[in-house]
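**Student:** Chain by chain, the residues run as shown.
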Amino acid sequence: MGLNECTLVELTEKLRIGEITTSDIIRDIESAITQDEGNKYPLNAYTSFDIESIEKEIKSQNKKEDTLLKGVPIAIKDIINVMDTPTTCGSGILKDYISPYDATAIKNLRKNGGVPAGKLNMDEFAMGSSNENSYFGVVRNPHDRKKIPGGSSGGAAAAVSANLAVAALASDTGGSIRQPASMCGIFGIKPTYGRVSRFGLIAYASSFDQIGPITNTVMDGAILLDAVSGYDPKDSTSANEKVPCFRDFVGKGLGGLRIGIPEEYFGEGLNSEVRDIVERGIKILSEANASVKRIALKYTRYAIACYYIIATAEASSNLARFDGIRYGTRFVDTEDLETLYRENRNIGFGDEVKRRILLGTFALSSGYYDAYYLKAQRARTLIREDFKEAFREVDIIVTPVSPIAAWDIGELIDDPLQMYLSDVYTVPVNLAGLPAASVPCGKTKDRLPVGVQLIADHFNEADIFRVARIIEEGEKGAE
Amino acid sequence: MKIDKKTIQWVADLANLSLGEEEELEMEKQLLAILDYMDILSELDLEGVEPTSHTLGYKNVTREDRVGESFEINEVKKIAPKWERGHFVVPRVV
Numbered sequence: 001m002g003l004n005e006c007t008l009v010e011l012t013e014k015l016r017i018g019e020i021t022t023s024d025i026i027r028d029i030e031s032a033i034t035q036d037e038g039n040k041y042p043l044n045a046y047t048s049f050d051i052e053s054i055e056k057e058i059k060s061q062n063k064k065e066d067t068l069l070k071g072v073p074i075a076i077k078d079i080i081n082v083m084d085t086p087t088t089c090g091s092g093i094l095k096d097y098i099s100p101y102d103a104t105a106i107k108n109l110r111k112n113g114g115v116p117a118g119k120l121n122m123d124e125f126a127m128g129s130s131n132e133n134s135y136f137g138v139v140r141n142p143h144d145r146k147k148i149p150g151g152s153s154g155g156a157a158a159a160v161s162a163n164l165a166v167a168a169l170a171s172d173t174g175g176s177i178r179q180p181a182s183m184c185g186i187f188g189i190k191p192t193y194g195r196v197s198r199f200g201l202i203a204y205a206s207s208f209d210q211i212g213p214i215t216n217t218v219m220d221g222a223i224l225l226d227a228v229s230g231y232d233p234k235d236s237t238s239a240n241e242k243v244p245c246f247r248d249f250v251g252k253g254l255g256g257l258r259i260g261i262p263e264e265y266f267g268e269g270l271n272s273e274v275r276d277i278v279e280r281g282i283k284i285l286s287e288a289n290a291s292v293k294r295i296a297l298k299y300t301r302y303a304i305a306c307y308y309i310i311a312t313a314e315a316s317s318n319l320a321r322f323d324g325i326r327y328g329t330r331f332v333d334t335e336d337l338e339t340l341y342r343e344n345r346n347i348g349f350g351d352e353v354k355r356r357i358l359l360g361t362f363a364l365s366s367g368y369y370d371a372y373y374l375k376a377q378r379a380r381t382l383i384r385e386d387f388k389e390a391f392r393e394v395d396i397i398v399t400p401v402s403p404i405a406a407w408d409i410g411e412l413i414d415d416p417l418q419m420y421l422s423d424v425y426t427v428p429v430n431l432a433g434l435p436a437a438s439v440p441c442g443k444t445k446d447r448l449p450v451g452v453q454l455i456a457d458h459f460n461e462a463d464i465f466r467v468a469r470i471i472e473e474g475e476k477g478a479e
Numbered sequence: 001m002k003i004d005k006k007t008i009q010w011v012a013d014l015a016n017l018s019l020g021e022e023e024e025l026e027m028e029k030q031l032l033a034i035l036d037y038m039d040i041l042s043e044l045d046l047e048g049v050e051p052t053s054h055t056l057g058y059k060n061v062t063r064e065d066r067v068g069e070s071f072e073i074n075e076v077k078k079i080a081p082k083w084e085r086g087h088f089v090v091p092r093v094v
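One line per chain: the protein sequences are A and B, in this order. Taking my numbering, the leading residue of the first sequence gets 1, the next gets one more, and so forth. Taking my numbering, the leading residue of the second sequence gets 1, the next gets one more, and so forth.
The hints are simulated quantities; they were obtained by calculation from the structure and are not laboratory data. Source: prediction; values computed, not measured. Among these hints, one or two may not hold up.
[Said to hold, decoys possible] Pulled from the structure, derived: some chain A residues nowhere near chain B, Cβ distances all over 12 angstroms:
(1) Gly18
(2) Lys64
(3) Leu68
(4) Asp248
(5) Arg258
(6) Ala296
[To be verified] With a straight-line Cα cutoff of 16 angstroms, these simulated EDC-like cross-link-like pairs (lysine to aspartate or glutamate) come out:
(7) Lys82(B) <-> Asp333(A)
(8) Lys14(A) <-> Asp66(A)
(9) Lys59(B) <-> Asp235(A)
(10) Lys77(B) <-> Asp96(A)
(11) Lys29(B) <-> Glu352(A)
(12) Lys78(B) <-> Asp96(A)
(13) Lys354(A) <-> Asp13(B)
(14) Lys29(B) <-> Asp351(A)
(15) Lys354(A) <-> Glu22(B)
(16) Lys298(A) <-> Glu43(B)
[As the list claims (entries may be wrong)] If you want the footprint, here are the derived chain A segments under chain B, 3+ residues with CB under 8 angstroms:
(17) 232 to 238
(18) 314 to 325
(19) 328 to 339
(20) 374 to 385
Note that the Cβ used here is the ideal one computed from N, Cα and C, for glycine as well.
The whole structure should be built from the sequences, with the hints applied where relevant.
**Tutor:** If you want it as structure tokens, here you go:
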């Protein structure tokens, strides 16, 4: 077994006793990547994996103290700034951009002995549910290379699932960690909004964006979240809340835990195989002494409209900074400034990014602001209250992650609305700022992985880890 | 909601995007379908409901105004698409 196939728990132990070095792990990862490149349909999970700069990272790693991660290499979604490496956001307009600084999450990772190693492919500016919108090309699903890996963190999910990375840091705005984790059969958690600093995470929709881990096991996810969480004065929306030690909760029993099942998440549109798998997950939990209760989240059907208005409005404002003047690529020079902005943005942005900028600009424009943006902000309050009420009665809400398993590459690319609708079970969580994870729970008859979503109240990631571990164990037992 | 070619051109103008003619047509068709779907929100009675901009309700987060670290001019130069004598180069504006 190669070191690239080990868990974080195994690797940190091997590093601790001096049996291996970080370079040994990198060598095995590199050889797995090279082998994958020889495949007829390579996964295309990385935008860059530069051995020279990784060697430099290894030399400068924190070796002074006994750290949590002890030198384990962590691959990074290409939306997070890592000093002196390209950070492209999967976009043409940033294809030449080299980060002059570290995101706070990366600083925390380094402090805890993690070594940033390689940047992962993604939908351009994290806009997409299939990883078909990258300037660097489509990412494929390791379980079936004709299928999408999910998005926008498709590179992260594919890499971790196929052991081209031992673990990854990604970001989730409307499901971008959970949905690809589900489709690639691995663990991914979006923490509470504010749990991990957004400083240095390139902004898509600032009131939703959140950094989180994608890993092979629940315990690895807890370790990585332990390493990057915490308040940061550089992010005014980061939460000044105590961070519990998440790994202490992995393996704790469920005695007395109350599980809520919202009927709105099991209605029309949910594929029957996916439903069966999620119901199996619920059965595992009730057998582990959790009490299961039906609940209602009656505003669920408004979540997609609400999310896509607010997210695109925020995106249209956030992406105004990309103009080919201060950073990024200037493709053409023109006689006047306005034309320079327009021409360069038009060349630099892909179709989905332009579509969302237009949609968001429209929703914020004078005459339509009240009818779209303000209305969506109000609807957001109802959706948030819906969850608040539910969490008076239950501790964890269990739902599907995606209504269907991974679909064919190209299947939905010409129908953006259908693609948006596939996010129906993940976006409500971002609207309410809640933590939620996807944990693998089985496969369809076509051998495509399906995850279940575990949603908790604000800052209660600990219960998610407790529950996720029970499903992970129960699922392994069933295989 | 009715949007037409003129609306698309107006919005593109606001967003500093110059779309090609084919692109305009495609966007018009797609945005029309998307905005049609967004009308679902009209079913809601939102009278008196406060809008949410931050889910945890944080407001006016302030800090001491202190001099901090910033980028060296050389770092800025490295990431600038066009740079001359300590400045970004842009087309003539006046």
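**Student:** Now tell me, hint by hint, if it's right for this structure.
**Tutor:** Hint by hint, here is what the structure shows:
Every CB of chain B is more than 12 angstroms from the CB of glycine 18(A) (nearest about 36 angstroms), matching its label as outside the interface. Every CB of chain B is more than 12 angstroms from the CB of lysine 64(A) (nearest about 22 angstroms), matching its label as outside the interface. The beta carbon of leucine 68(A) sits about 26 angstroms from the closest Cβ of chain B, which is more than 12 angstroms, so the claim that it is off the interface holds. Interface exclusion of aspartate 248(A) from chain B stands, the closest Cβ pair being 24 angstroms apart, more than 12 angstroms.
For arginine 258(A), the shortest C-beta to C-beta distance to chain B comes to about 22 angstroms, beyond the 12 angstroms cut-off, and the non-interface label holds. The beta carbon of alanine 296(A) is kept farther than 12 angstroms from every beta carbon of chain B, the shortest such distance being approximately 16 angstroms. Among the hinted pairs, lysine 82(B) with aspartate 333(A) is consistent with the structure: their alpha-carbon atoms are about 10 angstroms apart, no more than 16 angstroms. Between lysine 14(A) and aspartate 66(A) the CA atoms are separated by roughly 14 angstroms; this keeps the pair inside 16 angstroms, and the hint holds.
Between lysine 59(B) and aspartate 235(A), the direct Cα distance comes to roughly 13 angstroms. Compliance with the 16 angstroms bound is thereby established for this hinted pair. Proposed proximity of lysine 77(B) and aspartate 96(A) is supported: the alpha carbons are some 14 angstroms apart, at most 16 angstroms. Distance hint between lysine 29(B) and glutamate 352(A) is fulfilled; the C-alpha atoms sit about 14 angstroms from each other, no more than 16 angstroms. Distance hint between lysine 78(B) and aspartate 96(A) is fulfilled; the C-alpha atoms sit about 11 angstroms from each other, no more than 16 angstroms.
The straight-line distance between the Cα atoms of lysine 354(A) and aspartate 13(B) is roughly 12 angstroms, inside the 16 angstroms bound, and the hint therefore holds. Taking the CA atoms of lysine 29(B) and aspartate 351(A), the gap is about 14 angstroms. The hint holds against a cut of 16 angstroms. As the CA atoms of lysine 354(A) and glutamate 22(B) are separated by approximately 14 angstroms, the hinted pair is consistent with the 16 angstroms bound. For the hint linking lysine 298(A) to glutamate 43(B), the alpha-carbon distance of about 13 angstroms falls within 16 angstroms, and the restraint holds.
Remark: the stretch 232 to 238 of chain A is confirmed as covered by chain B, as 3 of its residues place a Cβ nearer than 8 angstroms to a Cβ of that chain, reaching the required three. Closer than 8 angstroms: that is the beta-carbon criterion, and the stretch 314 to 325 of chain A has 5 residues meeting it against chain B, so the requirement of 3 holds. Against chain B, the stretch 328 to 339 of chain A contributes 10 residues with a C-beta closer than 8 angstroms to a partner C-beta. That satisfies the three-residue criterion, and the hint holds. Counting residues of the stretch 374 to 385 of chain A whose CB lies closer than 8 angstroms to any CB of chain B gives 10, which reaches the minimum of 3, so the coverage claim holds.
Of the numbered hints listed earlier, not one is contradicted by the structure.
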